[in-house]
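Residue numbers (the numbering used here), protein chains in the order written: chain A, 1 to 285; chain B, 1001 to 1316.
If you are wondering where the hints come from, they were derived from the structure by calculation, not from laboratory data.
It cannot be assumed that every hint is accurate.
[To be verified] Label-pair restraints from in silico Cβ distances:
no.: 1; chain 1: A; residue 1: E229; chain 2: B; residue 2: G1076; range: 36 to 44 Å
no.: 2; chain 1: A; residue 1: V28; chain 2: B; residue 2: G1265; range: 32 to 40 Å
no.: 3; chain 1: A; residue 1: V192; chain 2: B; residue 2: W1089; range: 49 to 57 Å
no.: 4; chain 1: B; residue 1: P1039; chain 2: A; residue 2: S193; range: 16 to 24 Å
no.: 5; chain 1: A; residue 1: A179; chain 2: B; residue 2: L1045; range: 32 to 40 Å
no.: 6; chain 1: A; residue 1: S193; chain 2: B; residue 2: R1280; range: 15 to 23 Å
no.: 7; chain 1: A; residue 1: E229; chain 2: B; residue 2: A1303; range: 45 to 53 Å
no.: 8; chain 1: B; residue 1: L1166; chain 2: A; residue 2: E229; range: 45 to 53 Å
[What the hints assert, rightly or not] Non-contacting residues of chain A with respect to chain B, defined by C-beta distances greater than 12 Å in every case (computed):
no.: 9; residue: F65
no.: 10; residue: L146
no.: 11; residue: K230
C-beta atoms are modelled at their ideal positions from N, C-alpha and C, and glycine is treated no differently.
Listed below are the residues making up each chain.
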Amino acid sequence: MRTSGTSGMKTSTGARAGQYIALLAYLVFLAFPLLWLISTAFKSPRELGSLHPTWIPRHPTLANFRQAFDEQPLLHSALNSLLAALGAALIAVVIATPMAWVMARRRTLLARAATGWVVVSQAFPFVLVIIPLFLVLKNLRLIDSLAGLVLVYVVWSLPFALWMLVGYVRAVPPELEEAAAVDGAGKLRTLVSVTAPLLAPGIVATALFAFVTAWNEFFFALVLLKTPEKQTLPVVLTHFIGAEGVADLGPLAAAAFLATLPSLIVFALIQRRLTGGMLTGAVKS
Amino acid sequence: MTSVTGVSVTEARRPPNRAPSRDRQQRGSDHAAWFLVLPALIPILVLSVGPLLYGVLLAFTDSQSGRTAPTQWIGGLNFRDLLHDTLFWESFRIGLVWAVGVTVPQFLLALGLALLLNQDLRLRWLARALAIVPWAMPEVIVGIMWRIVYNPDAGILNETLRNLGLGNGRDWLSSLTTALPAVIVVGIWAGMPQTTVALLAGLQNTPRELHEAAAVDGAGAWRRFRTVTWPTLRPVALAITALNLIWNFNSFALVYVLTNGGPGGRTRLPMLFAYEEAFRYGQFGYAAAMGCVMVAVISVLLAVFLVGRLRGGDDS
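So that you can see chain A by itself, here it is in the shape it has in the complex (with noise of 0.2 Å):
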């Protein structure tokens, strides 16, 4: 994506130089948290209950990993995690390529009706759904289960798929489908054989976004999640932090630090996607 820097024009060094200035506080701002919890990961308990601690860790030291899978299930719940995160992942993007493609394809009442549910979606008030959704899922015998979870996420993650999504079909020209159709393929030949093939790189990014979102998420697993076996990371990971809020700092950061990298490596996947397709989705059209 090209950028309009203003890089054509001259800029005083004095001005060049405060911009420098302010990148740099920016930079330690962003980074210095991050850079703490390495710090704070690979020191030993005997450093960390020292005064004066320091950036580098004096003695580094792999303890902290080895005692944090040791005090807390970290692997079960990890896994727990990316059960409920690919299972989202997975359903969100199949039930919501074709929703996306009516949205955008379509003036009918019913593709406004969701694009409008899309925008308010975004305003939601957990309060408000999560007392209704605990009981509907009692009903429904699926609380305290990851299935029952799935579901949530599912929906929680569409508004967002659905809007990458239908971005991506308006990119894909219509003419192609016409042709298709004139070729004598049906309806669903066309979005599976045409259409589908084409929007495959925005299926793969959108469904990576929802995973990122379930695998992060920890208000509904904390309410709808009781049995300690079906918890998912994020809620687990709370129970590093006591009852009086006092932390075992060095496995804590660890497991934070550990448990950081997947959605890391995700996003830096999508990275280029997510911020390209905001841009376009506003530069085009």
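Model the placement of chain B on the given structure of chain A, informed by the hints.
Just chain B now, with coordinates in the frame of chain A:
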């Protein structure tokens, strides 16, 4: 999520219906559209629209968790009780302070960062990457990370203050006076990416030629910003600010992890309050009423904000 800020832009610039033949063709095959929509529509109705309406109804009942007696319709009693619930209104006030206290500085900081990222600066790639990171992180981990930063002994904040000779530092998250500001800083940090990315997208829409023409005319940086950049950026800025206000007011996980509402309820956001009311004390009906009040007040405030802003734009 952020992309929705683009909605208004896209909608506004949507080209007029270009293929009339498609429209005619459409009417005949509408049952096909239903077939395509249903798989998503049913979950939306059952797990999103339905619960929302159900929640509004619950606010008028005495629904409680784990009670055997049938739930009664009690009219506006919950709301009358709520009116006199000083704890709730204190929490509501904290929620507003938090939402505004996060949204406004976040907007200004994100605008500055977006303007910088729009320039040809070295290290821009690094800043771009770092600016996205908080978005990717689970909120729970952002909370944990800042707890470690704020930690009175092993935290970097107090150590830096000690090194600079600015006293011994303090227990930021447990002190009555500093807890809320400390939490607000975390909120600002965590929400930077969405705002920056949205504003950057808006900036890249500003016409480059206009910028250059203004520069040739001798307009300074500030005048160029006021007259060229801001008018194009304004719709995006308004949308992201409105969304940020809503998101921040409804936020939960960050503060739950950082302070769990303490000390002494100083950081007890309305969401935390309603959560405790519903799932610790089992008062479903009462908590639902809180939810209704939160939505109503926020809708009104937002409407006032948006109408005021839009008017202000017409005058200038």
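message: Going through the numbered hints above, which ones does this structure break? Give me the numbers in ascending order.
response: Of the numbered hints, just 6 does not hold.
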